[in-house]
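Generate the whole structure from the sequences, applying the supplied hints.
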Amino acid sequence: MRNLFPRWTNTIPVKVIFALGLIGGAVTAGINYYATPKYTRVGYQPTQPVSYNHEFHAGELGIDCRYCHHGADKSPHANIPSANVCMSCHKNVKADSPLLAPIRDSYFGEDSNKDGKLSEGEDLNGDGILTTGPSVPWVRIHKTPDYVYFNHAIHVNRGVSCVECHGRIDQMEVVHHDKPLSMAFCLDCHRNPEDSLRPMNEVTNLSWTKQTDSNNSTFDSIHSGLDMKHNWGVNPPLSCTGCHR
Amino acid sequence: MIKEIPDHTLDSGKRYWKSLDDLAETPSFKTWVEREFPEGASMLEGVQRRGFVKLMAASFGLAGLGMTGCRRPEHTILPYGKSPEELIPGVPNFYATSMPSAHGFIPLIVESHSGRPTKVEGNPSYTPYGGGTNIYAQASVLDIYDPDRTKTGLHRDSSDSSTWKSSSSSQLLGDVSNWVKEGKIAVLADKSSSTARKHLKTQLESKGIEWFEHESIDLSSPENTLGKAFGINHGLRLTPKLRKASRVISLDSDFLGNREPNSLANTRALMKGRKVLSANDAKKMNRLYSVESDLTITGGVADHRLRLDSSQFVAFTNLLAAEILTLLKKGDEPLIAKLNDRGSSQAQHSKWVLECAKDICKKPKNSVILPGSHLPTEVHALAFLINQELGAIGTTVEYQKTDNSASSISDFFKKINDGDIESVIFLGGNPVLTASSYDWADLSKKIKNKLHLGHSLNETSLICNFHLGQSHFLESWDEGITWDGSTIVPVQPLIAPLFDTVSDIELLLKLIDSDKSSYDFVVSLQEKRSTSVSFEDFLRLGVEKLKPSIYSDKVSLTSLDQFKGKIADKPSSENLEVLLIPDFHAWDGRFANNGWMQECPDPISKLTWDNALLISPVLAKELEEKYPNLGLLPKPTMLNKNGQIAPDAAVFDHGKQKAPIVKLTVSEDQSITGPLYVQPGLADYSIISTLGLGREKVGNVGKGTGFNSYPLFNKDFNRILSKVSLEPTGDFKILANVQEHWSMEGRAIVREGNANEYISDQAFASHMGAESHSPKIWGKDQEADLAYKARTTPRGNSSYEHPDHNYEKSETPGLHQWGMAIDLNQCTGCSACVVACQSENNIPIVGKDQVLRGREMHWIRLDRYFSSTERDGAELPSDVQVSFQGVACMHCETAPCETVCPVNATVHDEEGLNAMAYNRCVGTRYCANNCPYKVRRFNFFDWNKRSTDELYKGPLGEENDSLPAMGKNPDVTVRMRGVMEKCTYCVQRIQESKIQVKVKAQRNAMLETGKDGADLVLEESDIKVPDGSIKTACQQVCPSDSISFGDISDPNSEVSKLKNNPRDYSVLGYLNTRPRTTFLAKVRNPNPLMPDFESSPHSSREYHDKAHPVHHDDGEHDTHEEGSH
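As given, the protein sequences belong to chains A and B, one line each in that order. Under this note's numbering, the first sequence has 125 at position 109, and the numbering climbs by one with no breaks. Under this note's numbering, the second sequence has 1467 at position 1059, and the numbering climbs by one with no breaks.
In short, the hints are calculated from the structure, not lab data. None of these values were measured; they are calculated from a predicted model. Beta carbons: idealized from backbone N, C-alpha and C, even for Gly. Hints may be right or wrong, so weigh each one.
[Claimed, not checked] Negatives, chain A to chain B, calculated, CB over 10 Å:
1. Tyr-83
2. Ala-117
3. Ser-240
[Claimed, not checked] Partial pick of chain B residues on the chain A-facing surface, computed with a CB cut under 7 Å:
4. Thr-484
5. Leu-486
6. Pro-497
7. Glu-1318
8. Ala-1323
9. Asn-1327
10. Gly-1331
11. Tyr-1334
12. Asn-1338
13. Gln-1396
14. Ile-1431
Following this line, the structure appears as structure tokens:
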């Protein structure tokens, strides 16, 4: 009987298996390399309910990061400012701007005549106190997983600048995710903290760069990361318990 | 607005947040809520199946292309409109408050995360408790987040109607005001030590409102009867001051446990006198004699324990009084003769009593006799007079003058039957359950308006036509006094009421027609009382000193003449006795819906989710003879040569203990049915039954747990009942017991010695166990100091090199080496640590069914062992000694769990913690298998996501109510299904402390020196956590300070000192696991002259009997047997 299939078809199964292996390997390698925070998170730039401009406030006006993110040196969380922080300026500056409406609604709430007191007809929910309005739903950009307990206070107070994890916020009109914030990213710095340490007063100065002065050795040693690490006893944890509880 | 609700149990009026969007009330969420089903869920009709499949295939393909699934869902952050003062998100706040109770308020410090109370601690400013709390205070925080709480005011047309209508609390309070105008109104309240309530009570009475009080388990009742017996017009409250006590006799009094008031102060003071760190301490150690019918944790601590039926205490105390008064040469001859005569039935114990009395009279002023609160007045009067004649009053015990008790429930019913009352307000409590001998159905018919104020709908609400939710104490204002009358403490809310509820003070203020808020009222009370302390300071400190009124007059011995009644007959198998005690889990029933309490094993019986009729082995044997098919005891042949119970089909069902159900009858209309459970250490013919479980109307957690013993109660609430008969029903019940086995089988797990042994050989504990004759664990470094061993992990005799836990670091400044020491001599077994750990570490409950499968999740297991003198293999022992040992992860330096983990999810950190990375764990459970201490717990299900009856449905099951999630500790991961977990030494507290120390050190140094660069120099001591500033949850709760935690590389830390004490030993030390948690051996202090004296503790004798005849067998035997449960 004549062969139904030509001879070259004999190698098809081997070729198919080989090709599938190649494709599978490529997909695995691709996912391994690209499906990481470096590619999935960096660049994330959601639209915020209020188009707050960091470039203007932090860069041009030079407001310190901790004016608004007041928890950064005290708490695990840096804190998103409550509406009253915004209103401490914007009561007077651009007080009627339509762009700031969500902030004003949140701040005044039931206080429709904006006198800070409970007046006739203001107690809409009947609880006897002046209730503030709905929170401004800021969209979260930087997020560690639930099982990671990152603490801002220890980093900020030990000379690690905001810029190390958040990038040049003072140059961002709209904030985006700048660094991967993956476990490898954390560990790189925990292994070699000296590269990321700076004098404590420069922590919120995002444009700070390490300067050397060949004539002044004291200046150099004050700014030396290794010396800071040694003299401050900086000893970032490398084991699981440092961040996972 | 009035809305019909057909069945209140189905009321899903959730007013708390479900998600952050819910809180924000975004329009998209609102539309989602208002739709019956999510968009598209009900749209399949009309679409061709073929088209549908085509669409699906296309959308799957597109989903893969777009990679939209890789993005994290959008997440919003919702800050305040106006941020409250003193609140930094992420940093918990702590507030001083207290837990109200009928038996003294418990001063507390409560942790709050963004306004949500999460963890309860004791207030250390109240020195008698020293920052300790009891198990109920620990569990109380769960009650705020109880999904079965009443969430709104409820009323119905009549008390027969099954339809509750909801209306607002303020509307119902308006109705109540109208009743007051009509008059003829009575309040039946649960008792409370609240001073605010006391003030309101007088004002109510002046308005003609009748006031009655009822507490089913009234521990203060003896104080009133004692005052009356002595002809004094006030109560006499027994307040032990055990700090100076050297000899204590407990007469059926569980003064260290939950059955007597002020047990925290008693525990702290008594256990301080049992702290043995040197031979001198052992000589000064106090001695506890305990006479009791039930086996309590007080009896577990006791150096001498006598089993005696509760009804025999009148005779026994008379005999004891006769001996003591004779020795003290007090009292005339006729009196002594009378005492001897009344005590004659206890003549068989005369030797015990005589030697005990002699010991007492050696240091009369430092001795004290403590009678149980359920005993008759005669016992209390005798105890008072003995304490007085000993000269103990003023040194080891005080009697406070207290107010006479308010009118009781019988007066209440008299008033009702006289027809003088039209409206009744039940203020808290649950009298319909706890006073079931009264005719409540009749009351319900007679009274027009019945309002119940309660945490949730209970038996009492069922006879009412109005129900108001009661605010939790962490949502209300109040103030009250502690049991010893020395301190007044505030109750301040940590959160506004979560639901539409009112507090008892608010309701009472409404009754006196006051428009004050409860806050204003408490402020006014404090300002009236104290001019020197401001209200803010009162709240800040949480305590304010008071001068208790102490009774200091003498009472004549002739007052004993009034006691002439017949002495109760001795119980026998024909005349059984029942002692009713508050249930460990539910107390009088109020904690029946608290999952933490239900699942925490009873310290002695180790039962969870159930109660049982406890009977002695003697009675069990007699019953077994009488009813051969009862199935109570395993057949004698079924005990193997170790005395272990081999499964017997009559007793075990699939390895689970079957308990025969019996009917217990006191009189024709007083009977209950419940399962029998054999408990060593009980008086032969006493049956112990607990009150508070088996409730009919209770939330989802408490449903179907245990049986109800309240029907046995008479109208006089006497807790000792005699002439009880018992009859099997032929049914069985499976009990969820977490420790069925009793004995250590002669292994040196808990090591014990007598004080005399300790004085002659302080290191007696190190001569026990296989490691005492195995090669040295640390080899040549055996004698090196603790800090060196902890830092370097010397190789010892091991063939393998030990891993270096310092990882990649050459220099590691500011490292600690964490370790824990548990002093077994200080532990009473109260189990508060178990619940404290559960609360701190977000440990879920699993339900009875899963406990039966051995899947309970507690990180601390409190092992309880019985040991006895005689064991012939077949008989269960009657006289036993009890030993407790809290076992949590030991943080072994050479941990067996770490080597078997295939994914490195459990590894060591550089500070000696055995870390558990949940996000790495894949759930192979090899680690649990390889752990010799059996302390690892596996999440077989999503315990946190689904309720216990939905577990097996997996993702199809209904998700849990989200309310309990509000009480979780945000600093600890909530673990999911398929993940292993275990004790972390409260790593969240360790890290938090380390961070705070470093932040403070660096900031202060910068402010002081003005330097901010590398010229700023911090010493290592600046960045290390000072000793004592980290307390683990179990350590913080412990009233007797039996747990120490700290840095063992610091030779001056408390824990290092304890670990260097000769009593220190490692459990299963010969396995070379080198646990960081070690134990200090227990020291008992028996009196050599007593008839029941043994030269060494039973467990120690068991060990030596077993270990010494065949020396080399011991190690092998231990390896196989230890850690088997």
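Query raised in the report: When the hints from earlier in the document are held up against this structure, which numbers fail?
Result: 3, 10, 11, 12
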